[in-house]
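Which chain is which? The protein sequence lines are A and B, in order. If you're matching positions, the first sequence starts at 1 in UniProt numbering and goes up one per residue. If you're matching positions, the second sequence starts at 1 in UniProt numbering and goes up one per residue.
For the record, the hints were derived by calculation from the structure and aren't laboratory data. Warning: the hint list may mix true and false statements.
Facing chain A, from chain B, some residues (calculated, C-beta under 8 Å) [claimed, not checked]: (1) 397; (2) 399; (3) 403; (4) 416.
Label pairs and their calculated CB-CB ranges [what the hints assert, rightly or not]: (5) A:46 with B:215: 42 to 48 Å; (6) A:46 with B:73: 24 to 30 Å; (7) B:150 with A:312: 58 to 64 Å; (8) A:114 with B:152: 30 to 36 Å.
Even for Gly, the Cβ is constructed at its ideal location relative to N, Cα and C.
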Amino acid sequence: MTQDSIVRRITDFASRADPYPVYRELRGTPVLHEEEGGPYVISSYWDIEALLHDPRISSDAANLAAAGDDVLLQSEETGGLPPSFLRLDPPEHDRLRRMANSAFGPPHRPRRIDGMRGELREIVTGLIDGFGDARGIDLVDQFAYPFPVTVICRLLGVPREDEPRFRAWVDPLVASLDPGTRQGADEEFARTAREARMQLGMYLAGLAEERAKEPRDDLLSDLVNSRGPDGAMTMMEVLSTSVLLLIAGHETTVNLITNGMLTLLRHPDVLERLRHEPELAPRLVEELLRYEPPVQLVPQRTCITDIEVRGVTIPKGSRIWLVLAAGNRDPERFKDPERFDPDREDIQHLGFGSGIHICFGAPLARLETQIALTELARRLENPRLVQDPPPYRENAVLRGPRHLEITFDGVRP
Amino acid sequence: MAVEDMDRLRRTGRIAIVGASLAGLRAAETLRAEGFAGELTLIGDEPYEPYDRPPLSKAVLLGRADPHRTELPRRRDIDAKWRLGTAATGLDLTAGRVRLSDGDEVEYDRLLIATGVRARPWPKESEARLDGVFLLRTRDDAAGLHQRLRAGPRRVFVIGAGFAGCEVASACREQGIEVTVAERAGAPLVGALGGVVGAVAAELMHEHGVDLRIRVTVTALEGDAAGRVRAVHLSDESVVEADVVVVSLGSQRNTEWLNGSGLGAGPRGIACDAGCRAFDFRGIVTDDVFVAGDVARSPHALFEYQFLSLEHWGNAVAQAETAAHNMICDGTDRRPHLWMPAFWSSQFGVNIKSVGVPPMGEELMITQGSTAERRFVGVYGHKGRVVAAVSFDNTRWLEFYQRAIERGAPFPVEYPTLDRRPENRRPVPADFPDPSLPTHGPMVTLSGYSPADTQLVFHPARH
Ligand SMILES: Cc1cc2nc3c(=O)[nH]c(=O)nc-3n(C[C@H](O)[C@H](O)[C@H](O)COP(=O)(O)OP(=O)(O)OC[C@H]3O[C@@H](n4cnc5c(N)ncnc54)[C@H](O)[C@@H]3O)c2cc1C
Ligand code: HEM
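Just chain A, same shape as in the assembly (with noise of 0.2 Å):
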């Protein structure tokens, strides 16, 4: 890859602001292979649309020609846990995930989300009364991060009272999957995510068993004690499923949140009509996941045989590139793709992905930013930007700020 190979740019540090420009230009070429063993990066909406329906198209590490480290891969090393149903195929991948979404959605537990409404806004309160006195906050560290963990943890079961242990493990784990700190790691840092995934393991193994014995009304018990069509879930695969759950929910929502503040501060017009018009919400999230996507790209894909995408094969066993936030701004799919604008009637994104591994957390993901948004609109008083752009995360897959300053006037009641 020579230095100012698109790839390079994508993956440098100094694209992460703003990667849009970039994006652009690689658009100019929609299937773009640089160099040998590199990945082929497609780009346009209806490229990447397309091959997230392909049944030539593989999620399983195992079709891949040559294993070899890609940097924005995701460590799958959970702890000696089978690959979970992101990084499989079908059947496995569809009887693992008709499984969970047993446990998680309609028909059979159609009120499991939505009947968390009223949870989601009490937390969302409580970290805004958290503010107290202070005129300014780390939306991050103080609101986006830890409000999705509480979340996913009141969803698969986990006790309130194990809630902060809970927590001191999932937050090296997490660390530990961005790809920059991964790679500059020093051994200590290894050391703690390594152990962090451990004592995860063994406390969701242990809580696991419980709710095999004694089921309770959550995700868990339900994993467990799952005895559909399908039988039941094993215990390595309960355990890999609730990893999954917990990690796929995490570095995304929090990004959503905080791109989502970041973007209404930058358009202090819609953060306005928010705060007065909170039915705007749910519209305002659809655009939010299309102009600034937290999965800004699926480098987890390859093809079983050789493919033809616009007149270029790409060979058996390649790794391919499906740039969502690219496609997202596509002017050959949306009008005026670079402005924000939750208005937008046509706004079939690509934020969640497409086909067989469409987000499964979506509807989750969905309510709990419109919640958090619309809450922040409501409460802070004249909220401003202190640093614009902020400091960003390593991470050039799943992007968003490292810290978002903000100061206010004040938080209504």
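On the provided structure of chain A, position chain B with the ligands as indicated by the hints.
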């Protein structure tokens, strides 16, 4: 038409729509959305505002939706004159007038015909009148049937295993009601999806405790002294006691009111061009009469220009939109109706969806999953091309196959696909019945002649 005339039509013209259901409503909305400011009249013989039919054989029968609460969501205000509860009884093409059952007449500059289809009734009238014998097309049908199901009948008998019949059987079993289904062909859904997929549907039925009788016809419905149905007689001489009978024998097009009008309308529907303009009986296209929805029959470029009749929800919407657009513009601004046929159904806990025109396929290949597991994608081929695909609980792949149909991709599918089973490397005959043998009536009928054919024979309407 001169530019000024089109302008005048858009500002002050008169448009009449006959048939106030899915296609009629969506067309009206499109007309307004595209700036039609003139007079709009919606004529519908049902007394209700436009409502949705697919729930009638699904959620409504399960008691999960109120039959009188399935109104179609409105996309916008249409500011129309509604003539509900009034049938159109005749058409004067020359004068541009629709006659109504109450003696009124409605004049139009443009007419849209969206009168859809009705359920084919049980042919013996006295038997059809027995208490407990139902058709399923309208909300009143569904309300009546739901009430009977709730009362806990001993056995429901469904005549005809097309999509609607299968869905009724599924709703019965889900509520623990005993049900027998009789089908003239060798399996359920054969007309729409062929025998291979039909066999999967048959297994689903067996698994869910449906008493499925194939290769039989119903010869008579027997009533008791009080005029209630009590038993069903079959061609194999067996007799099944049942207190509810659902007649699900396909549909008939609502075109009788056009008899003698000079339009090319008949039992197979109203033929129109790809721009939704109706043909007159001479095969010459009219320029002020348009057709959309279940009643229409139009040529599709992707399928050898065959005239397709599609009784599909999505088709009604798309065709209505195209017709409405073309009604108020000219020449090159007009669009062809090129909708990719797509149909869905849910029964026995399975989501079935198809794209393209399965009955055109001679061969079928299961490219993903397995029919034994009831989760699969099947691809239909015709003359070396992919023409359709069907999925059981695998909807999310269909977009790929839809593109393959659009591209005229080669068949058989030689490349590997995820979850291809070793036993499915080769295509098998799709096993559609001989179209000349009537079954319950497939949801897609082909009545083809391509524009290349030179000899056309017109059969005058005969009902
Ligand atoms: C029980 C059931 C389940 C279905 N499920 C599915 C499904 O799962 N998926 C799917 O794709 N499709 C399904 N369909 C088909 C779908 O509902 C139809 O394709 C759709 O309703 C077609 O709309 P339309 O407006 O063309 O016709 P219709 O809905 O039939 O409307 C025509 C209207 O015109 C009226 N009319 C007729 N003659 C006259 C006249 N002379 N004067 C005035 N008015 C007249 C009729 O009474 C009717 O109101 C289902 C249909 C039924 C009945
Ligand atoms: C704003 C927040 C979120 C975003 C932007 C997001 C985005 C995505 C994307 C793009 C994918 C597709 C990955 C691929 O195709 O390989 C995905 C998959 C997934 N997401 Fe999310 N996600 C979010 C929140 C959540 C939450 C809250 C949960 C869990 C509760 C969750 C659970 C999952 C799971 C389990 C998968 C794998 C699905 C599969 O492989 O079938 N996500 N997500």
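(request) Tell me, in ascending order, the numbers of any earlier hints that this structure violates. (result) Result: no hint breaks.
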